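Visitor: This is what each chain is made of:
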Amino acid sequence: MTIKLIGKSLSSPTVRVIICLKELGLPYELESPASLQSLKDEDYIANKHPFRKIPVLFDGDFRITESRPICRYLVSKYQDKHNDTILIPNDVHKAGLVDQFISYELSYYDPPISKLIHQEKFSKRLFNKDPDPEVIKQAREEFAKVLDVYEKLLERKEYLNGEYSLADIVHTYYVYGIVTHSDLWDNRPNVKNWWNRLCNRDVIKKSLEETKSFWENNENI
Amino acid sequence: MTIRLIGYSASYPTLRVIICLKELGLPYELEPPASYQSLKDEDFIANKHPFGKMPVLFDGDFRITESRAICRYLASKYQGKHNDIILIPKDVHKAGLVDQFISYELSYYDPPLSKLVYQEKFAKKFFNKDPDPEIIKQAHEELAKVLDVYEKLLEGKEYLNGEYSLADLVLCPGTNYVYGAGHSDLWDNRPNVKNWWSRLCNRDANKKSFEEIKSFWENN
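Protein chains in written order, with full-length UniProt numbering: chain D, 1 to 221; chain S, 1 to 220.
In isolation and in its complexed conformation, chain S is listed as follows (with noise of 0.2 Å):
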């Protein structure tokens, strides 16, 4: 049976399912919701997701939501079964730790990160805003201080867990947005931090994907 993701490409959240499930070699459908607005419909708040919000995943009946947790099914589920990638190591400590580095990824990385997406990606194009400069002055400056950490957070470790993890994978769609919208230095003038997107974007699933959106953009 197969699995069924309802959401935008363009949406990070989304992409970093999608990242996920090439990640497992996890044939899959997309399915885009009729429209934005479509989300808070009576219908998928009761079918899809009680918030009204994307990526949701069903695999056969059984239905999750929520980008970070549907992809710790889907490599609890699935990882090893169609390839050899492990995304949560068997170990409990070092799964401990690529879900601390996750939250480190929800908690401080991705507020300022989902602000540049917003303001340089999506208010113009999706809600005819004019981009806010303080705005993003100010989620730069934090971004900035963020990525401070992970330059030493990554001393001497080629991933954020030493291997490769969803711990890296979780803030690559976000980063490959805004890493493309002008701020690049951010990451390319910090060693640890300029080899480690290097690293993770010649991995398939993240070349693969990110091609897709590239797309996306140029066509839209």
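Looking at chain D on its own, in the form it has when it is part of the complex (with noise of 0.2 Å):
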């Protein structure tokens, strides 16, 4: 039985999922939703996310939301099923360290940089305001900082957990932010190689210069 993915495929956290996904050799059918406005319908808040957001995945009868979420169920059902990735190491303290690099993404990489892209992508186009000079300076003061972590945390590692694992995956959807800042990458040599690393691999290559030609050309969402 195919696993259904609904989601957009060159915006938000459906792109995590979909690396996760390509990642663990795992075939998959993508439905986008009728329109940014069908999320709010009674029927998808009752069947498909209760909090009106994409991604929502079902495996067989199966569902389960929340981008990050869905990745772990399917590393924990599929990994070492369809090829030998690992995404989540079987060891219980390497898998609690990725957990944690999960977290560090969610709390303190993603609130800068997920402001930076709204500010300079979405804030004109879907809420007509002009971009805030301003929260750009914060939140670029903001997401360095929290490079300046990365950069430490990095040292003398190729991934954030040695080995590459869903902790890296879940970083790479910020390609937009990547592409106009990309000096707050460049700068920090552990930074730039990590990155770097990431973007040679084969399913992330892939994503990301589907998701950067698209903002290259496209002016609509």
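If you are wondering where the hints come from, they were derived from the structure by calculation, not from laboratory data. Hints are not guaranteed to be accurate.
[To be verified] Facing chain S, a subset of chain D residues (Cβ under 10 Å, in silico):
(1) Arg68
(2) Gly96
(3) Val98
(4) Ile102
(5) Ser103
(6) Leu106
[What the hints assert, rightly or not] Over 10 Å on every C-beta distance to chain S, these chain D residues come out as not near it, computed from the model:
(7) Lys40
(8) Asp130
(9) Asn217
On a predicted model such as this, the values are computed, not experimentally measured, just so you know. The C-beta atom is built at its ideal place from N, Cα and C for all residues, glycine as well.
Reassemble the complex: the two chains are provided individually, in unrelated frames, and hints are given to aid placement.
Guide: Written as structure tokens, this is what we have:
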């Protein structure tokens, strides 16, 4: 039975799940919602996501939401089945640290970079508000401090937990913010090398190229 | 080797881990930091939490940070060892749903709740700032909409995933604060939510933890 993923392939945490599915060698069907507004329909709320979000994944009759839990579920169920890519180590301590790094992404990395992306890409298009230079300046400064910490976390390591894992995957979908503020990554050697390593993985390379060219070629979402 | 937990029990992420340790029947030592400012010291950042936060847990030499990640680690390693409380089900689908509900707490429940915790409990006492009524009003309204969703999620269920799990545990400490700080109507006005919260308050680990916190606030 095929896995069905409801989401938009070129934005949002949908990309996070797509990368995870591809890394695990899992076939899937992507179904875009009719529109952003359709997420607010009663049917969507009742049968897909009670908080009106994407992505939503159906594995047969089993439904699960929220991109990071979806990834963890896919890894728990399928890792090692179609290829030998390990995204969550079997050792309980190493798995704990992967979880910790996923929490760092959520708590510290995501807020400032999401602000930047929102201001620079979504504010005008979706809300007809001009980007606020003060918010952008603060978000950039906050994000620079976060990357200073990542620079230390990546000292002598190729990936956040040593070996490639789900902890690295969850950081990859912010490519728009990275393209526009590339100096933040390029000025920190460990971070820069880590990012380049990630970009060289086949699955991620392809996904990021699709996302990057979408932003370069499209004025409309 | 004892588990060491670095944090203040009054800080609700630390309390989240305390409740988890208690539920799993695990002994531990709580080590409050020297001061709130000491979290930004070079030594703390290098050896405890790179972002200067608490809690931090040491299990022997193994160090782990971030309260929900700590709880998952403790459940993965120790559940079923000291008692029969299961916080993360073995079945991969049930475990996936527990994870989903933890993400709901983090993404939707906690943002307005944490605003209310700060405004009602910490602003004046620890930062000498008057609570901001506008923020409180907005956060209360936002949390009300979230709890409307929880009212439906709990339909026909005793706990979020049917049986008690980490999904319920993670929101207990913050809820306890806000419930007792003049916002109990948010839970009491929704029958499923009300019953669920009563059930949670009756658990020994919560009862004990909430009592400890109560005396902290009375004495400080």
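Visitor: Any of the earlier hints contradicted here, and which numbers?
Guide: Violated hints: none; all satisfied.
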